[in-house]
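J.: Generate the whole structure from the sequences, applying the supplied hints.
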Amino acid sequence: MSDHDHEHEHDHDRDHSHLCDVQLRVRALETILTEKGYIDPAVLDQIVEHFETKVGPHVGARVVAHAWTDTKFKAALLEDATRAINESGLFDQIGDHLVVVENRPGEHNMVVCTLCSCYPWDVLGLPPVWYKSAPYRSRVVMDPRGVLAEFGVTLPEETKIRVWDSTAETRFLVLPQRPAGTEGWPEERLAELVTRDSMIGTRLAEQPGARP
Amino acid sequence: MNGVHDMGGMHGFGKVVAEQDEPVFHADWEGRVLALMRAVLYTRAWNIDVFRDSQEQLPAPVYLTVSYYHRWLLGITRSALERGLVEQDELDAGRTLRPARPVERTMTPAEAGNAFIRGPFARTPQGDARFKPGDRVRTVNIHPAGHTRLPRYARDKEGVIAAIRGCHVFPDSKAAGKGDDPQWLYSVVFSGRELWGRQADPTLELSIEAFEPYLESV
Chain A
35 MSDHDHEHEH DHDRDHSHLC DVQLRVRALE TILTEKGYID PAVLDQIVEH
85 FETKVGPHVG ARVVAHAWTD TKFKAALLED ATRAINESGL FDQIGDHLVV
135 VENRPGEHNM VVCTLCSCYP WDVLGLPPVW YKSAPYRSRV VMDPRGVLAE
185 FGVTLPEETK IRVWDSTAET RFLVLPQRPA GTEGWPEERL AELVTRDSMI
235 GTRLAEQPGA RP
Chain B
634 MNGVHDMGGM HGFGKVVAEQ DEPVFHADWE GRVLALMRAV LYTRAWNIDV
684 FRDSQEQLPA PVYLTVSYYH RWLLGITRSA LERGLVEQDE LDAGRTLRPA
734 RPVERTMTPA EAGNAFIRGP FARTPQGDAR FKPGDRVRTV NIHPAGHTRL
784 PRYARDKEGV IAAIRGCHVF PDSKAAGKGD DPQWLYSVVF SGRELWGRQA
834 DPTLELSIEA FEPYLESV
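Residue numbers (our numbering), protein chains in the order written: chain A, 35 to 246; chain B, 634 to 851.
In case anyone wonders, no lab produced these hints; they're calculated from the structure.
Treat the hints with care, since some could be wrong.
[Claimed, not checked] Cut-off 30 Å, straight-line C-alpha distance, at most; resulting in silico cross-link-like pairs (BS3-like, lysine-lysine):
id : chain 1 : residue 1 : chain 2 : residue 2
1  : B       : 790       : B       : 765
2  : A       : 108       : B       : 765
3  : A       : 106       : B       : 790
4  : B       : 811       : A       : 70
5  : A       : 88        : A       : 106
6  : B       : 811       : A       : 194
7  : B       : 811       : B       : 765
8  : A       : 166       : A       : 194
9  : B       : 790       : A       : 194
10 : A       : 166       : B       : 811
11 : A       : 194       : A       : 106
12 : B       : 811       : A       : 88
[Stated by the list, open to error] Not close to chain B: a few residues of chain A, all C-beta gaps over 12 Å, as computed:
id : residue
13 : 74
14 : 90
15 : 108
16 : 121
17 : 129
18 : 133
19 : 179
20 : 192
21 : 202
22 : 223
23 : 226
24 : 243
[What the hints assert, rightly or not] For the chain B half of the interface with chain A, some residues (derived, Cβ under 8 Å), not all of them:
id : residue
25 : 652
26 : 717
27 : 718
28 : 722
29 : 742
30 : 764
31 : 793
32 : 836
33 : 838
Model, not experiment: these values are computed from the prediction.
We put the beta carbon where it would ideally sit given N, CA and C, even for glycine.
T.: Shown next as structure tokens:
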């Protein structure tokens, strides 16, 4: 283990020791805001439930699988993703100003928010910790291939890397390349190959048969 | 502001470590903080830009060492105190000690769906867009002490307008309490070489979403 890993764990432990304190502070704030009528705990329950059970990468995976099988939808998606999704009648309505960017042979897209944690919640749910972390935010804009290597991905030297820094309210979703050997597959089966990370751009879609 | 939140291009943070089978929340309180943020912003007591600014204003060592939702809690608490929604003695006591101040609106369970998706940030333009796709632009060299969405690594750099995203709320104004001040928003593409010099990956191209005041003609 490197010195850095030690330091990381140390920081983690230090924050962990504050957990009870943090929990109490959250409870105090929620109690006061509720007593004053600014918020309703029942609403908070619904919001938590929404993000734990309703939205997540499965939504984006269905969008990608549909784009892989329906060329008209794919064209509409690349033109105006929010409109294409909301007018398709196939998905829950989204509010994000969504931009879909397509991986092609020779061009690979990656998404980041260097300033905070902007992420397409409506189609991917909440971001993983690594996406919000300092290592990813600091490095992907300068050393995208180094970051890809840490995800086990090596791209050909000549492949163009296109990084999108989400510095405003536009949100980005990567449309990964459809794996070979999936001709004729139904959308539900295709969607299983579309991982969260492949829609951020830190991995590729899974190959058929890659998982047991 | 030139804070530690503006991380693009910094060294020293180590490897990206992905957690296997990561849960949506690592503790119940994280979910409460996320929901609190959504419900409080619905009251319009403050807004998303103030929320981001409140975290950026945290002391740098705090920003770097507390966990993500803990940082949110610190930001929300700071804004709630600044706007008088709560007072420090109430937080210490864990209960209300004085009457509530009015807010514009509060969310009922029947309206909770409004918290799931966000409203649009597009606004009516104050004038025509100054740039069009293909135009060469240079980003401004600014170092404001307040909130901005122009990252340091992309200041004073030459790039090309790749797309016009419409006219949006201007975060630099909104966070400062100066209203929406709608501005045209563009995707601006830079070469890796322009941003990082000779050592850049020759295949790298990067874009930021840049508001018109961040851009000058070349």
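J.: Would the hint on residue 742 of chain B stand, with a C-beta cut-off of 8 Å toward chain A?
T.: holds (5 Å)
J.: Given residue 793 of chain B as an interface hint, is the shortest Cβ-Cβ distance to chain A below 8 Å?
T.: Violated - the Cβ of residue 793 of chain B stays beyond 8 Å from chain A, reaching only about 13 Å at its closest.
J.: Could you check that no beta carbon of chain B comes within 12 Å of the beta carbon of residue 202 of chain A?
T.: violated (4 Å)
J.: According to the definition I'm using, a residue is off the interface if its beta carbon is farther than 12 Å from all beta carbons of the partner; does residue 133 of chain A meet that for chain B?
T.: Since the minimum Cβ distance to chain B is about 8 Å, residue 133 of chain A lies within 12 Å and the statement is violated.
J.: CA of residue 166 of chain A to CA of residue 194 of chain A, is that 30 Å or under?
T.: Holds, at about 24 Å.
J.: Should the label of residue 74 of chain A as a non-interface residue stand, given a Cβ cut-off of 12 Å to chain B?
T.: Non-interface label fails for residue 74 of chain A: nearest chain B Cβ at 6 Å, not farther than 12 Å.
J.: Regarding the pair residue 790 of chain B and residue 765 of chain B, is the alpha-carbon distance no greater than 30 Å?
T.: holds (18 Å)
J.: Taking the minimum C-beta separation from residue 90 of chain A to chain B, is that value above 12 Å?
T.: violated (8 Å)
J.: Find the nearest Cβ of chain B to the Cβ of residue 223 of chain A and say whether that gap is larger than 12 Å.
T.: Fine: 22 Å to the nearest Cβ keeps residue 223 of chain A off the interface.
J.: Please work out if residue 166 of chain A and residue 811 of chain B have their alpha carbons no farther apart than 30 Å.
T.: Holds, at roughly 29 Å.
J.: Min Cβ distance, residue 764 of chain B to chain A: is it shorter than 8 Å?
T.: violated (15 Å)
J.: For the pair supplied as a hint, residue 811 of chain B and residue 765 of chain B, is the alpha-carbon distance within the 30 Å limit?
T.: holds (27 Å)
Of the numbered hints given earlier, the model fails hints 3, 6, 12, 13, 14, 17, 18, 19, 20, 21, 26, 28, 30, 31; all others are met.
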